[in-house]
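Asks: Sequence:
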Amino acid sequence: MKGRLVIRSWLGLAVIACGCFLCGCQPSSDSTDTWLLVSFEKDVPVTYSMVAERHTEIDLTSGSGRESRPQQMTEKLEVVMVYTPVEVDPFGLTTLKATCKSVKVTRSNFSGRENAADTMENLAGQSFTLQLTPTGQIHDNSDFQRIVRDLGEKAFSTGPNNMRVKNPDMISDFLAMQQFLWDAGATISNQLDLEVGDTWQAQQTIAWPTPMYPPPARMTSYTLEEIVQDPTLQDAPREAVITSSYTLSETPMAEYIKPYEEGRFQMRGLFGFLRNYQFKELKGSGRQVFNIDDGLIESDRQEYQMDVTASFMLPLGDSVPVLDVKQTFTIERIEDGS
-5 MKGRLVIRSW LGLAVIACGC FLCGCQPSSD STDTWLLVSF EKDVPVTYSM VAERHTEIDL
55 TSGSGRESRP QQMTEKLEVV MVYTPVEVDP FGLTTLKATC KSVKVTRSNF SGRENAADTM
115 ENLAGQSFTL QLTPTGQIHD NSDFQRIVRD LGEKAFSTGP NNMRVKNPDM ISDFLAMQQF
175 LWDAGATISN QLDLEVGDTW QAQQTIAWPT PMYPPPARMT SYTLEEIVQD PTLQDAPREA
235 VITSSYTLSE TPMAEYIKPY EEGRFQMRGL FGFLRNYQFK ELKGSGRQVF NIDDGLIESD
295 RQEYQMDVTA SFMLPLGDSV PVLDVKQTFT IERIEDGS
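Taking our numbering as reference, the numbering of the sequence shown is continuous, increasing by one, and the terminal residue is 332.
Rather than coming from a laboratory, the hints here were simulated on the basis of the structure.
A portion of the hints provided could be inaccurate.
Claimed, not checked - Each computed DSS-like pair below joins lysine-lysine, with the alpha-carbon atoms no more than 27 Å apart:
id : residue 1 : residue 2
1  : Lys70     : Lys36
2  : Lys277    : Lys91
3  : Lys148    : Lys95
4  : Lys320    : Lys274
5  : Lys274    : Lys148
6  : Lys70     : Lys274
7  : Lys277    : Lys252
8  : Lys70     : Lys91
9  : Lys36     : Lys91
10 : Lys95     : Lys70
11 : Lys148    : Lys70
12 : Lys95     : Lys252
13 : Lys91     : Lys252
14 : Lys277    : Lys320
15 : Lys320    : Lys98
16 : Lys91     : Lys148
17 : Lys95     : Lys36
18 : Lys252    : Lys70
19 : Lys274    : Lys252
20 : Lys252    : Lys98
21 : Lys70     : Lys98
22 : Lys252    : Lys320
23 : Lys70     : Lys320
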């Protein structure tokens, strides 16, 4: 999770905003300013539906040319998060109370047998705090780390000979969505110079079902595609359409959260027999709509596909496990109470 600040953009925007305030003016709806600044009103909740879906197909290739029958696994996490601003400073830090209103995980595993309940379902009803800068960068995530580690602890059960066994979970999916939620605006080097057609990049973690440190990473390239405004609606908000494309990152994540306690454990299911994952290729695209006038993300959809190879914990002839992974994230702002 990033804790750095874009000082030049932040201070420059603050000076301009202060000037407008002292002159008694504020940005108009027909302004050409395209700052992607987050904006919250104290005690007014903002609610998002957040869905992560992953379809994993594993196949065995061998030099003998024997055909294998691919096995498939589908996972889906559905979360409704409510972000309530408890402290708001337009020129400083905003503190949000993030509360999980509901959560549901559905999974069909490789074997067809039922899994233990996903630890993510323990998040329902729980809250944590986040501090954001005006550009949307997460300044303090310590309370978020606390709740993630608590979820990670509950992902384990005890197996034979008191061996720790990690059950399948979708913590990494929730981590990814929370971490990149405001990244489109937070990773712009200088918002004062932002124009339609500009591009910029962000490094982000890849949701992955097994613990890996550092976690696999992707490079996201954002483009401010256009600014739209519905001409049929009076006082319609200006909306920034931000497209994105994804590739594998050449460098590992420098900062990340560890959901799980160190120590020996066994993964439950087929992933317990695989190791040495090699991420060969990642490609995909996405589209976000940001309400410039309200300072809020309206929607964000990301899709990508990964090619991954692995090896078995114990040799199995010349067979090589090959994984085809399709990942989708869908985030939508909804009315509180929906």
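Asks: Confirm or reject each hint.
Replies: Do the hints match the structure? See the list:
{"no.": "1", "hint": "Lys70 with Lys36", "result": "violated (33 Å)"}
{"no.": "2", "hint": "Lys277 with Lys91", "result": "violated (34 Å)"}
{"no.": "3", "hint": "Lys148 with Lys95", "result": "holds (19 Å)"}
{"no.": "4", "hint": "Lys320 with Lys274", "result": "holds (14 Å)"}
{"no.": "5", "hint": "Lys274 with Lys148", "result": "violated (32 Å)"}
{"no.": "6", "hint": "Lys70 with Lys274", "result": "holds (24 Å)"}
{"no.": "7", "hint": "Lys277 with Lys252", "result": "holds (26 Å)"}
{"no.": "8", "hint": "Lys70 with Lys91", "result": "holds (25 Å)"}
{"no.": "9", "hint": "Lys36 with Lys91", "result": "holds (11 Å)"}
{"no.": "10", "hint": "Lys95 with Lys70", "result": "holds (17 Å)"}
{"no.": "11", "hint": "Lys148 with Lys70", "result": "holds (19 Å)"}
{"no.": "12", "hint": "Lys95 with Lys252", "result": "holds (24 Å)"}
{"no.": "13", "hint": "Lys91 with Lys252", "result": "holds (22 Å)"}
{"no.": "14", "hint": "Lys277 with Lys320", "result": "holds (10 Å)"}
{"no.": "15", "hint": "Lys320 with Lys98", "result": "holds (20 Å)"}
{"no.": "16", "hint": "Lys91 with Lys148", "result": "holds (23 Å)"}
{"no.": "17", "hint": "Lys95 with Lys36", "result": "holds (19 Å)"}
{"no.": "18", "hint": "Lys252 with Lys70", "result": "holds (22 Å)"}
{"no.": "19", "hint": "Lys274 with Lys252", "result": "holds (24 Å)"}
{"no.": "20", "hint": "Lys252 with Lys98", "result": "holds (22 Å)"}
{"no.": "21", "hint": "Lys70 with Lys98", "result": "holds (8 Å)"}
{"no.": "22", "hint": "Lys252 with Lys320", "result": "holds (24 Å)"}
{"no.": "23", "hint": "Lys70 with Lys320", "result": "holds (12 Å)"}
The structure shown violates the earlier hints numbered 1, 2 and 5.
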